[in-house]
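A.B. asks: Sequence:
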Amino acid sequence: MKARAAILIGLALLLVPLFHLEAQIPGTLSYQAFLSDSLGVPKADGAYTITFGLYNVETGGTALWTETKDLEVKQGLFYTHLGPFPSSLRFDQPYWLGIQVGSEAELAPRIPLTSVGYSFMALRSDSAQYALLADSAQYTKQALRSDSAQFAVQADTAKVATSALAAADLADDAVTSGKIADGTISTVDLADNAVTPAKIDTTGAAAGQVLVYNGESLTWQPPPTSGGSITTTELADNAVTSTKILDGAVTTAKILDGDVTSGDLADNAVTSTKILDGAVVAADLADNAVTSAKILDGAVVAADLADNAVTGAKITDGAIAGEDISATAAVTVASLTTAQVGTTDPAALELRVNGTNALRLEPHSTSPNIIGGYSGNSVGADVYGATIGGGGSDLSTNQVTSNYGTVGGGNNNIVNGERATIGGGHDNIADGSRATISGGKANQASGYKSFIGGGHGNQASGWKATIGGGNANLASGWNATVPGGNSNVAGGGFSFAAGRRAKANHDGAFVWADTTDEDFASTAANQFLIRASGGVGIGTANPGATLDVAGNVRIPNDQSIAGNSGNDIGYLDIAKVGTSNELIIGHGNNSDLQFVTGGTSGIPSMVIANGGNVGIGTDNPGSVLDVNGTANIGGLFTTGGGHVVNVVSKTESYTTLTSDRIILCATQDPDFPVTITLHSAVGVRGQLLSIRNIKPSDPVTITPSGGETIDGMSEVEIYLSAYDDITGITLVSDGAGWWIISDVAVLGQAM
Numbered sequence: 000m001k002a003r004a005a006i007l008i009g010l011a012l013l014l015v016p017l018f019h020l021e022a023q024i025p026g027t028l029s030y031q032a033f034l035s036d037s038l039g040v041p042k043a044d045g046a047y048t049i050t051f052g053l054y055n056v057e058t059g060g061t062a063l064w065t066e067t068k069d070l071e072v073k074q075g076l077f078y079t080h081l082g083p084f085p086s087s088l089r090f091d092q093p094y095w096l097g098i099q100v101g102s103e104a105e106l107a108p109r110i111p112l113t114s115v116g117y118s119f120m121a122l123r124s125d126s127a128q129y130a131l132l133a134d135s136a137q138y139t140k141q142a143l144r145s146d147s148a149q150f151a152v153q154a155d156t157a158k159v160a161t162s163a164l165a166a167a168d169l170a171d172d173a174v175t176s177g178k179i180a181d182g183t184i185s186t187v188d189l190a191d192n193a194v195t196p197a198k199i200d201t202t203g204a205a206a207g208q209v210l211v212y213n214g215e216s217l218t219w220q221p222p223p224t225s226g227g228s229i230t231t232t233e234l235a236d237n238a239v240t241s242t243k244i245l246d247g248a249v250t251t252a253k254i255l256d257g258d259v260t261s262g263d264l265a266d267n268a269v270t271s272t273k274i275l276d277g278a279v280v281a282a283d284l285a286d287n288a289v290t291s292a293k294i295l296d297g298a299v300v301a302a303d304l305a306d307n308a309v310t311g312a313k314i315t316d317g318a319i320a321g322e323d324i325s326a327t328a329a330v331t332v333a334s335l336t337t338a339q340v341g342t343t344d345p346a347a348l349e350l351r352v353n354g355t356n357a358l359r360l361e362p363h364s365t366s367p368n369i370i371g372g373y374s375g376n377s378v379g380a381d382v383y384g385a386t387i388g389g390g391g392s393d394l395s396t397n398q399v400t401s402n403y404g405t406v407g408g409g410n411n412n413i414v415n416g417e418r419a420t421i422g423g424g425h426d427n428i429a430d431g432s433r434a435t436i437s438g439g440k441a442n443q444a445s446g447y448k449s450f451i452g453g454g455h456g457n458q459a460s461g462w463k464a465t466i467g468g469g470n471a472n473l474a475s476g477w478n479a480t481v482p483g484g485n486s487n488v489a490g491g492g493f494s495f496a497a498g499r500r501a502k503a504n505h506d507g508a509f510v511w512a513d514t515t516d517e518d519f520a521s522t523a524a525n526q527f528l529i530r531a532s533g534g535v536g537i538g539t540a541n542p543g544a545t546l547d548v549a550g551n552v553r554i555p556n557d558q559s560i561a562g563n564s565g566n567d568i569g570y571l572d573i574a575k576v577g578t579s580n581e582l583i584i585g586h587g588n589n590s591d592l593q594f595v596t597g598g599t600s601g602i603p604s605m606v607i608a609n610g611g612n613v614g615i616g617t618d619n620p621g622s623v624l625d626v627n628g629t630a631n632i633g634g635l636f637t638t639g640g641g642h643v644v645n646v647v648s649k650t651e652s653y654t655t656l657t658s659d660r661i662i663l664c665a666t667q668d669p670d671f672p673v674t675i676t677l678h679s680a681v682g683v684r685g686q687l688l689s690i691r692n693i694k695p696s697d698p699v700t701i702t703p704s705g706g707e708t709i710d711g712m713s714e715v716e717i718y719l720s721a722y723d724d725i726t727g728i729t730l731v732s733d734g735a736g737w738w739i740i741s742d743v744a745v746l747g748q749a750m
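Residue 440 in numbering that gives the first Met the number 0 sits at position 441 of the sequence shown; the count goes up by one each step and never skips.
Hints may be right or wrong, so weigh each one.
To be verified - Within a straight-line C-alpha distance of at most 27 Å, the following computed DSSO-like cross-link-like pairs (lysine-lysine) qualify:
id: 1; residue 1: 243; residue 2: 198
id: 2; residue 1: 463; residue 2: 440
id: 3; residue 1: 293; residue 2: 273
id: 4; residue 1: 178; residue 2: 198
These are computed hints drawn from the structure, not numbers from a lab.
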């Protein structure tokens with residue numbers, strides 16, 4: 000049956016190595032899949048040769064890259080890394096992944112690479128002079144590509160971070176007015192001392208002149224000479240530095256409200272001693288004017304700020320660090336302008352209790368991880384969507400190593416399967432994809448979608464296998480079930496084992512075992528086995544036998560009862576008649592009752608016909624008793640006329656007969672010739688004896704007793720000749736001896 004692969008985890012594509020990062024980041028693809036046949040049944044465990052190829056077309060074409068690996072497949076699942084890839088694969092166009100198992104045809108359809116695959120381009124620039132990476136906001140890691148730009152730079156909200164470029168970073172005359180949007184450059188965009196005389200156009204200027212804005216443009220003019228006559232229009236931007244101002248010369252009355260921005264202040268210039276208590280209000284500060292770099296650490300106290308002086312608009316984003324908040328301060332939702340607490344960079348967010356980490360939120364572009372409880376609890380590298388609710392302790396941490404795995408709590412629990420779950424307990428392992436362990440100790444759910452409710456030392460390794468609880472139970476078959484108990488095994492597909500040491504080793508087997516401490520195992524598929532030393536009761540709570548049924552037992556038509564050898568013994572209807580103890584055996588459907596033994600094939604040994612006739616050796620009796628074959632009667636039977644019949648097959652002595660008698664000799668065994676000794680005729684007058692030899696044999700010898708004779712002879716022999724149907728003799732007693740009154744082929748020994 001042809002194999003097929005189903006993607007379970009998908010593709011995780013790492014960035015292509017670049018420049019000095021080559022030795023740190025492998026250019027590979029992580030790949031995990033489920034290998035099954037066309038019906039969805041996982042391929043058998045073992046090693047498989049699998050060939051992977053990358054194409055730039057969905058069908059046909061020639062592979063741009065191939066790789067053949069021998070991979071171990073367990074319960075249909077396998078995992079590998081693909082690559083590294085040649086430099087000719089730029090991942091700047093659609094690609095499809097082809098998979099071939101052994102010598103079979105390539106699986107269809109091919110698997111398209113998603114957007115994750117194209118992150119290879121994140122570290123490549125085709126013709127940029129520089130492709131920079133930085134941890135800070137100067138250049139972000141999101142820079143993707145630039146074909147001809149001098150710098151490949153891109154950020155979420157700004158092209159260049161504030162104050163990031165200094166004069167040394169720019170070539171002379173590199174920035175012209177044509178490159179700068181009108182009014183877009185402010186003081187925060189320029190590093191200190193970035194603009195030097197060499198950067199300023201002095202065409203038309205004379206010595207000692209300054210740039211003055213006349214309301215329309217900047218012009219070179221002589222500097223003002225009279226005191227107090229210089230206005231803002233007479234000063235070029237950045238013309239007044241701290242060295243040009245006499246200490247204490249500038250008062251609040253000299254400063255236009257809101258006109259002093261952060262660019263006007265040197266770092267640490269404003270201290271609490273320079274500010275009149277309560278003098279600084281919101282209207283005195285330009286938006287974002289006060290940054291943490293402008294304030295001496297610890298210099299601003301509550302008395303320096305007017306009520307509600309510092310608003311969100313007055314604080315630069317990211318300017319407040321942990322040391323700026325008092326250890327006893329409480330940050331509540333009510334104190335925030337929006338109900339959000341978090342980070343804007345890729346760093347993890349931690350919540351601590353008494354100085355110890357209690358909850359950690361780790362970022363990931365697909366889905367963040369939530370890690371609670373002991374600080375040593377962990378989620379594997381490159382794993383996303385994982386959750387650890389809590390628990391864990393020193394040397395007994397909780398761990399999640401696969402995407403979307405969950406550990407609710409407990410300690411020393413490990414989730415290795417994708418989307419697997421452990422609710423709690425300790426020392427539990429969930430290896431199977433989508434497996435679940437509710438709790439307990441030392442349980443392992445390694446089968447796909449397997450389940451363990453609890454207990455100790457249980458293993459659910461079969462696909463969709465279930466163990467409710469108990470101790471040391473194993474469910475290794477497909478859809479196998481162990482509800483609980485001890486040391487039970489459900490090894491067959493759809494098998495069930497319960498009790499103690501029940502072993503359902505075959506598909507569809509149901510095995511229930513009592514408390515006996517020994518194995519009770521299935522021997523074939525689809526068996527229903529019960530070991531109940533106290534008996535099985537149906538309709539009764541007190542079984543008096545191995546099987547005790549209180550009520551009717553019905554076997555539907557055309558169903559058989561098997562004998563010890565497994566052969567059918569016939570069809571039976573057994574019923575008690577009324578209140579008597581009689582039993583009726585039969586079909587009850589007006590058909591014959593047949594008894595079959597090891598006789599001739601197809602012919603019953605005895606038949607009770609529908610009309611009541613009994614056939615022996617025939618299935619169509621024509622009389623009340625129809626015997627097809629030899630009849631051997633070893634005792635007496637009475638005929639319809641009241642005669643008593645003896646059947647003789649060996650030596651017989653009739654010394655006490657008191658009535659007329661018919662004696663039949665029916666032996667066919669030459670080792671047992673028939674000899675008949677008559678009783679005394681003295682005092683017995685008129686008694687009749689009819690003796691017949693009805694089957695071929697040696698002659699039957701008849702001897703009188705007491706010295707009497709038969710017609711004067713000491714003995715008489717009768718036999719069946721080839722010409723006679725029946726050989727016989729009839730004797731009568733005269734009170735002193737025996738006389739022959741009729742005979743057929745009588746052979747007297749005196750003759």
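A.B. asks: Indicate, hint by hint, whether the structure satisfies it.
C.D. replies: Comparing the hints with the structure gives:
{"no.": "1", "hint": "243 / 198", "verdict": "holds (22 Å)"}
{"no.": "2", "hint": "463 / 440", "verdict": "holds (20 Å)"}
{"no.": "3", "hint": "293 / 273", "verdict": "holds (13 Å)"}
{"no.": "4", "hint": "178 / 198", "verdict": "holds (15 Å)"}
Violated hints for the displayed structure: none, as all numbered hints are satisfied.
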